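From the two separate chains plus the hints, produce the assembled complex.
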Amino acid sequence: AQSVTQLDSHVSVSEGTPVLLRCNYSSSYSPSLFWYVQHPNKGLQLLLKYTSAATLVKGINGFEAEFKKSETSFHLTKPSAHMSDAAEYFCVVSTYSSASKIIFGSGTRLSIRP
Amino acid sequence: GAVVSQHPSRVICKSGTSVKIECRSLDFQATTMFWYRQFPKQSLMLMATSNEGSKATYEQGVEKDKFLINHASLTLSTLTVTSAHPEDSSFYICSARADGLGDWSDQPQHFGDGTRLSIL
Chain E
41 AQSVTQLDSH
51 VSVSEGTPVL
61 LRCNYSSSYS
71 PSLFWYVQHP
81 NKGLQLLLKY
91 TSAATLVKGI
101 NGFEAEFKKS
111 ETSFHLTKPS
121 AHMSDAAEYF
131 CVVSTYSSAS
141 KIIFGSGTRL
151 SIRP
Chain W
47 GAVVSQHPSR
57 VICKSGTSVK
67 IECRSLDFQA
77 TTMFWYRQFP
87 KQSLMLMATS
97 NEGSKATYEQ
107 GVEKDKFLIN
117 HASLTLSTLT
127 VTSAHPEDSS
137 FYICSARADG
147 LGDWSDQPQH
157 FGDGTRLSIL
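The listed protein sequences derive, respectively, from chains E and W. Per this note's numbering, the very first residue in the first sequence carries number 41; after that it's consecutive. Per this note's numbering, the very first residue in the second sequence carries number 47; after that it's consecutive.
The reader is advised that the hints may include incorrect statements.
In silico DSS-like cross-links for lysine-lysine, where the CA-CA straight-line distance does not exceed 25 Å [as the list claims (entries may be wrong)]:
#1 W:K110 - E:K141
#2 W:K66 - W:K101
#3 E:K141 - E:K82
#4 W:K112 - E:K141
#5 W:K66 - E:K141
#6 E:K89 - E:K108
#7 W:K66 - W:K110
#8 W:K110 - W:K60
#9 E:K109 - E:K98
#10 E:K89 - E:K109
#11 E:K89 - E:K141
#12 E:K141 - W:K101
#13 W:K87 - E:K141
#14 W:K112 - W:K60
#15 E:K108 - E:K141
#16 E:K98 - E:K108
#17 E:K82 - E:K108
#18 W:K112 - W:K101
#19 W:K60 - E:K82
#20 E:K109 - E:K141
#21 W:K112 - W:K66
#22 E:K82 - W:K66
#23 E:K89 - W:K87
#24 E:K82 - W:K87
No lab work stands behind these hints, which were simulated from the structure alone. Being a predicted model, the structure only gives us computed values, none of them experimental.
Same shape as in the complex, but just chain W (with noise of 0.2 Å):
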């Protein structure tokens, strides 16, 4: 149980694309979703919690108008990279955390197997 779906894998494309990259939570309702960037060798830097309904919330130094987060159903988070440049090339990671009862800290993050962007 817990699976989160992230696709694409993998994308290449040109400096000025725009890109979307789902986050689907196959086996459970997630009012939660959040996203990730990873640099090489480093570990995991959170860019936004999607929640579900309303608008994202952004950490700061991320810039909302070039990274759109869209959470339109309990079991889909969407992040669209606009305008994409090179300096936008990462390892996109998407986490989602399954609604349940009790504390949500004691509910863990279950993450996709993120997306390998490269911008050309």
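Okay, chain E solo, but in the shape it has when bound (with noise of 0.2 Å):
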């Protein structure tokens, strides 16, 4: 079986300093781990993803995300907050074994205090 888990449901930071979204996975197989974002009424837009390459995956809008097997975490980060990053953030994590489904996160809602 597999999860998701993000440990926070909404994180407040001022802009202009970092941002820290944490998600931790449990997979009983190698996990593909993606990381979305999505506006107010809104899809989902692809921020990054790991697929088993290189474990520090640099996505869009300037976020990172690093894949720390020994810690089932895979946490994201950026240097320096905008405005337009206010916004609802999902960990996603999909296996060969989950029969074509992902599994969502419960989302973490980022909010940008000027």
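Below, the structure written as structure tokens:
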């Protein structure tokens, strides 16, 4: 069985400060991991993905994430938050065994203070 | 690349009406598409997996006669909410996964912008 846990339902940071959104996963097989962002009343946009290559993955809009197998984590970071980063973020896991489905975390709402 | 177009973006209609939502992959082929439902401030709930040329696979608790799915081509899947009622009001999102080489699990799903369905 596989699962995803996003440890924070809401994160608030000041503009220009670092962002850390935490994600832990559980999987019996080698996982593929993804981060998506959702702005209000919009679909999900892919930020980045990990698929067993480099453990530090760089994505769009200055985001990156590091796959740590020993900690079963895939935290999303950004050095300097921008107002436009305010949105909902979802961590997603998939494995070949999961019958074509992907598993979503519960989401983290990121707020940016001016 | 990897653009998914979902139409319409918003629908408001009377109870008892059937509503069709289209999901198109614009620049890639997708044997498999997915339909999700999202309640306010919640994550996405998978409703069904749409397979080109075959019947959709519905998740437990999703009424297949209520939510009709047709995957007529490698770039188009439709979801029809039949005889919609106020409890069907929700945000519906489709996604598509590009056909390609390697494990499907390495391929991300690409999402449409969603359809806000409001049943009066």
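Structure-based check of each hint:
1. A threshold of 25 Å between alpha carbons decides the hint, and for K110 of chain W with K141 of chain E the separation of about 18 Å falls inside it, so the pair holds.
2. Between the alpha carbons of K66 of chain W and K101 of chain W the distance comes to roughly 17 Å, so the proposed pair stays at or under 25 Å and holds.
3. The suggested pairing of K141 of chain E with K82 of chain E holds, with an alpha-carbon distance near 21 Å, which does not exceed 25 Å.
4. A hinted pair counts as satisfied when its Cα atoms are at most 25 Å apart, and K112 of chain W with K141 of chain E qualifies at roughly 22 Å.
5. For the hint linking K66 of chain W to K141 of chain E, the alpha-carbon distance of about 24 Å falls within 25 Å, and the restraint holds.
6. Taken as a hint, the K89 of chain E and K108 of chain E pair is honoured in the structure, with Cα atoms around 14 Å apart against an allowance of 25 Å.
7. For a cut-off of 25 Å, the pair hint linking K66 of chain W to K110 of chain W stands: about 14 Å separates their Cα positions.
8. Note on K110 of chain W and K60 of chain W: the hinted pairing holds, with a Cα-Cα distance of about 21 Å set against a maximum of 25 Å.
9. Distance check on the hinted pair: K109 of chain E and K98 of chain E sit about 17 Å apart at the alpha-carbon level, within 25 Å; holds.
10. Of the pairs offered as hints, the one joining K89 of chain E and K109 of chain E holds, with about 15 Å between alpha carbons and a cut-off of 25 Å not exceeded.
11. At most 25 Å may separate the alpha-carbon atoms for a hinted pair to count; K89 of chain E and K141 of chain E meet this at roughly 16 Å.
12. With a C-alpha separation of about 16 Å, the suggested pairing of K141 of chain E with K101 of chain W holds against the 25 Å cut-off.
13. Of the supplied pair hints, the one linking K87 of chain W and K141 of chain E holds, its CA atoms being roughly 22 Å apart against a limit of 25 Å.
14. For the given pair, K112 of chain W sits about 16 Å from K60 of chain W by alpha-carbon distance, which is consistent with the 25 Å threshold.
15. The hinted pair formed by K108 of chain E and K141 of chain E meets the criterion: a straight-line CA distance of about 23 Å does not exceed 25 Å.
16. Taken as a hint, the K98 of chain E and K108 of chain E pair is honoured in the structure, with Cα atoms around 15 Å apart against an allowance of 25 Å.
17. A C-alpha spacing of about 30 Å is found between K82 of chain E and K108 of chain E, which places the hinted pair above 25 Å, so the restraint is violated.
18. In summary, the hint linking K112 of chain W to K101 of chain W is supported, as the alpha carbons are separated by about 15 Å, within the 25 Å threshold.
19. For the hint linking K60 of chain W to K82 of chain E, the alpha-carbon distance of about 24 Å falls within 25 Å, and the restraint holds.
20. In summary, the hint linking K109 of chain E to K141 of chain E is supported, as the alpha carbons are separated by about 22 Å, within the 25 Å threshold.
21. Our distance criterion of 25 Å between C-alpha atoms is met by K112 of chain W and K66 of chain W, whose separation comes to about 12 Å.
22. The straight-line distance between the Cα atoms of K82 of chain E and K66 of chain W is roughly 19 Å, inside the 25 Å bound, and the hint therefore holds.
23. Between K89 of chain E and K87 of chain W, the direct Cα distance comes to roughly 24 Å. Compliance with the 25 Å bound is thereby established for this hinted pair.
24. For the suggested pair K82 of chain E and K87 of chain W, the alpha carbons sit about 13 Å apart, so the restraint of at most 25 Å is met.
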